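**Q** These are the residues of each chain, in order.
2 protein chains.
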Amino acid sequence: MQTKFAKRITTASRSFTRTILDLTAQNEIISFAGGLPDAALFPKEKIEKHAKRLFEDYDNRLFQYSNASGVEALKVEIAKKYATTPSTHIMLTNGSQQGLDLVCKTFLDEGDCIVVEDPSYLAALGLFHMYNATIKAVPLSTKGVDTEVLETLFQEHSPKFFYTIPIFQNPTGYSYTLENRQEVVRLAKKYHVILLEDSPYEALRYDGVQSTAFADLLPELTIALGTFSKTLAPDFRIGWMRAPQEIISALTLSKESTDLQNSKFFQHICASMMQNGELQEHTKTLIQAYRPKRDAMVKALQELFGDSIEFIVPEGGMFIWVNFKKCNDSMKFFDKAIEKGVAFVPGSVFFADKRVSSFGRLNYTNSSLTQIEEGVKKLFEAYQEL
Amino acid sequence: MQTKFAKRITTASRSFTRTILDLTAQNEIISFAGGLPDAALFPKEKIEKHAKRLFEDYDNRLFQYSNASGVEALKVEIAKKYATTPSTHIMLTNGSQQGLDLVCKTFLDEGDCIVVEDPSYLAALGLFHMYNATIKAVPLSTKGVDTEVLETLFQEHSPKFFYTIPIFQNPTGYSYTLENRQEVVRLAKKYHVILLEDSPYEALRYDGVQSTAFADLLPELTIALGTFSKTLAPDFRIGWMRAPQEIISALTLSKESTDLQNSKFFQHICASMMQNGELQEHTKTLIQAYRPKRDAMVKALQELFGDSIEFIVPEGGMFIWVNFKKCNDSMKFFDKAIEKGVAFVPGSVFFADKRVSSFGRLNYTNSSLTQIEEGVKKLFEAYQEL
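Chains as they are written, first to last, in my numbering: chain L, -1 to 384; chain D, -1 to 384.
No lab work stands behind these hints, which were simulated from the structure alone. Some hints could be false.
A pair holds if it fits inside one copy or across any two, identical chains being indistinguishable in the list.
Taking lysine to aspartate or glutamate pairs in the EDC-like style, the calculated list, with each CA pair at most 16 angstroms apart, reads [as the list claims (entries may be wrong)]: (1) Lys2 - Glu177; (2) Lys188 - Glu54; (3) Lys334 - Glu54; (4) Lys2 - Glu244; (5) Lys42 - Asp57; (6) Lys330 - Glu379; (7) Lys79 - Glu276; (8) Lys44 - Asp57; (9) Lys187 - Glu46; (10) Lys5 - Glu108; (11) Lys78 - Glu26; (12) Lys187 - Glu301; (13) Lys5 - Asp107; (14) Lys42 - Glu54; (15) Lys5 - Asp20; (16) Lys187 - Asp116; (17) Lys2 - Asp107; (18) Lys323 - Glu308; (19) Lys134 - Glu108; (20) Lys2 - Glu108.
Being a predicted model, the structure only gives us computed values, none of them experimental.
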């Protein structure tokens, strides 16, 4: 007799990125596929120093049960990043992915509509499917979303939220212009739609000036997600949510029944590293390390591929979104690239309808300058053979 | 305009235990309410030693993203506890509460039926409500569940799973007899119902002999949950699930989209403490510390209350389930007890239908011997004034 899983499981497919990660781990492949930060840059010695101090400063109660919303000292530090947000508007999560899960759990009844950017973050799309949501997609271009389509979707489907990554988007690296943002805010207000603003890469800006977040433009209708996975280390598993008090209370209720609470250990370390400015200093180090990587990939792509591809230079983040024009199905290009010893993520998986696409997502943060140069060369060889 | 939460949120109420925890934290109250281990016993120095070694033995990749199912070395150690289980049948979770959440996510469609013991673990009941499950309750007595009622429920409602805490149950401290277990196994097989076996207290046995788990009697239909929260420390946030390969694969899929993965840091520490036998030694220390606490509470209850209450002496775990016969609504007794400066959890909240109850749950692990004596005295004063 067969095991009867929930509908959501039988319709879900294993994350393609995970499959690629497994593939690239087994072979000597240069991988532009994952969304990983460069492990060489993790501030291990600083973390060790703070861990040592934690053991000295705290008694056994450091390891006892505590509350669901997280360590107050860290919530205070995160709140300080925002002009007028009290720490009661912040809660901590097991990475920002859990933030997405808790928002779904707190807001979505079966079949409820949500709007996503097209293309969008793969693991968010997978999660939304798990909640049996009705997913509507709004086209994303280099300047932001198509607000005419967005208005139609808001009007016709009364979505529970619009999931948006307005700064250095995943997979595209695009950022919304201020005009685009303001128009989105106007529509969110008009149709009373929550903006679920995911900003994992915000701090990794190599050019240009800081943008104004939806959470600042429209705090009463925004749930903003942040994370330390890209600025400190993924294994800390610390993300945060910033939202109005009433929403944070409901999210905390969901968190309690989901997994009671997170570990306080790394939350204390994060708090200390923000209090003494180490996190801010470390972010500068990351920017100085990642900017040349982005530049190296941009240069190699331009020099080798010339006009045969199209992309815009992202001002920050971890990805370049390339239109491999010569190949209308980048899934086929992916197979050829793997043969040559280089991996990327074919664009198709990032679209809500998984349509055939000529695009590909290239990560530059987790490869060395040499690997970037060699990898783009292999990519070009594969492209020529198509 | 009001925020439109999901149905599950608007029908959920805040965990009463959390409310009590907040209450007792603010006042000078002796609390028998929480389900907390004694923080004084956490092996902080050993944890610190292993943490130090981790920083020495591992490079930066210790803090990188990894897989969703957890650190292999720890899965191997957990698998060793069970005779024939390979590590592929184990996955790690953010505390065993997350195990419950992932099982619900993986198995429950809206309205699906599940069976719980009556009374049962409060935070599990809360979670099942969040999944809009149809909850049927089977009476629990000192020897196990009523298997006639269980068979009727299995037959009439085809539940997705039966949630059971067969050893030192929460809130009752009761354990199923072997005969009862075998009958439950027969019914699970006959009606093809999954046994969701939660065993957080299993290792804390003060008398009697080790019982055979459902996961050993019926491995092909059991999902067993374990945790290090009671034997090491809650802040480690490490639980595990043991289940057939096909089920572990589906649960891993749910885990990936829920929060990607857990922190590896404390998983490595747990693995080391199991490899060198420290965890096993530490468990003996806990038993030696908790047994006198249980005995002190039993003695105080018997001496003061005499025949005016009823309870059985639990062979292990953290709780005594007392029938305060004189007071048919222990919620009223709770108010009186708080006035006197002592807290416990009124029985009503543990029943699926929240019915009025004369029972109360008393925790003895998180109070000193003196507090236990004084607390029971205050409890008796309150009882006399009823």
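**Q** For each hint, tell me whether it holds in the structure or not.
**A** Do the hints match the structure? See the list:
no.: 1; hint: Lys2 - Glu177; in the structure: neither (49 angstroms within a copy, 28 angstroms between copies)
no.: 2; hint: Lys188 - Glu54; in the structure: neither (53 angstroms within a copy, 56 angstroms between copies)
no.: 3; hint: Lys334 - Glu54; in the structure: neither (55 angstroms within a copy, 41 angstroms between copies)
no.: 4; hint: Lys2 - Glu244; in the structure: between (37 angstroms within a copy, 11 angstroms between copies)
no.: 5; hint: Lys42 - Asp57; in the structure: between (24 angstroms within a copy, 8 angstroms between copies)
no.: 6; hint: Lys330 - Glu379; in the structure: within (14 angstroms within a copy, 78 angstroms between copies)
no.: 7; hint: Lys79 - Glu276; in the structure: within (15 angstroms within a copy, 43 angstroms between copies)
no.: 8; hint: Lys44 - Asp57; in the structure: between (21 angstroms within a copy, 13 angstroms between copies)
no.: 9; hint: Lys187 - Glu46; in the structure: neither (46 angstroms within a copy, 51 angstroms between copies)
no.: 10; hint: Lys5 - Glu108; in the structure: both (11 angstroms within a copy, 10 angstroms between copies)
no.: 11; hint: Lys78 - Glu26; in the structure: neither (44 angstroms within a copy, 33 angstroms between copies)
no.: 12; hint: Lys187 - Glu301; in the structure: neither (46 angstroms within a copy, 66 angstroms between copies)
no.: 13; hint: Lys5 - Asp107; in the structure: both (14 angstroms within a copy, 7 angstroms between copies)
no.: 14; hint: Lys42 - Glu54; in the structure: between (19 angstroms within a copy, 10 angstroms between copies)
no.: 15; hint: Lys5 - Asp20; in the structure: neither (26 angstroms within a copy, 38 angstroms between copies)
no.: 16; hint: Lys187 - Asp116; in the structure: neither (22 angstroms within a copy, 47 angstroms between copies)
no.: 17; hint: Lys2 - Asp107; in the structure: between (22 angstroms within a copy, 10 angstroms between copies)
no.: 18; hint: Lys323 - Glu308; in the structure: within (7 angstroms within a copy, 79 angstroms between copies)
no.: 19; hint: Lys134 - Glu108; in the structure: within (15 angstroms within a copy, 22 angstroms between copies)
no.: 20; hint: Lys2 - Glu108; in the structure: between (19 angstroms within a copy, 14 angstroms between copies)
Of the numbered hints given earlier, the model fails hints 1, 2, 3, 9, 11, 12, 15 and 16; all others are met.
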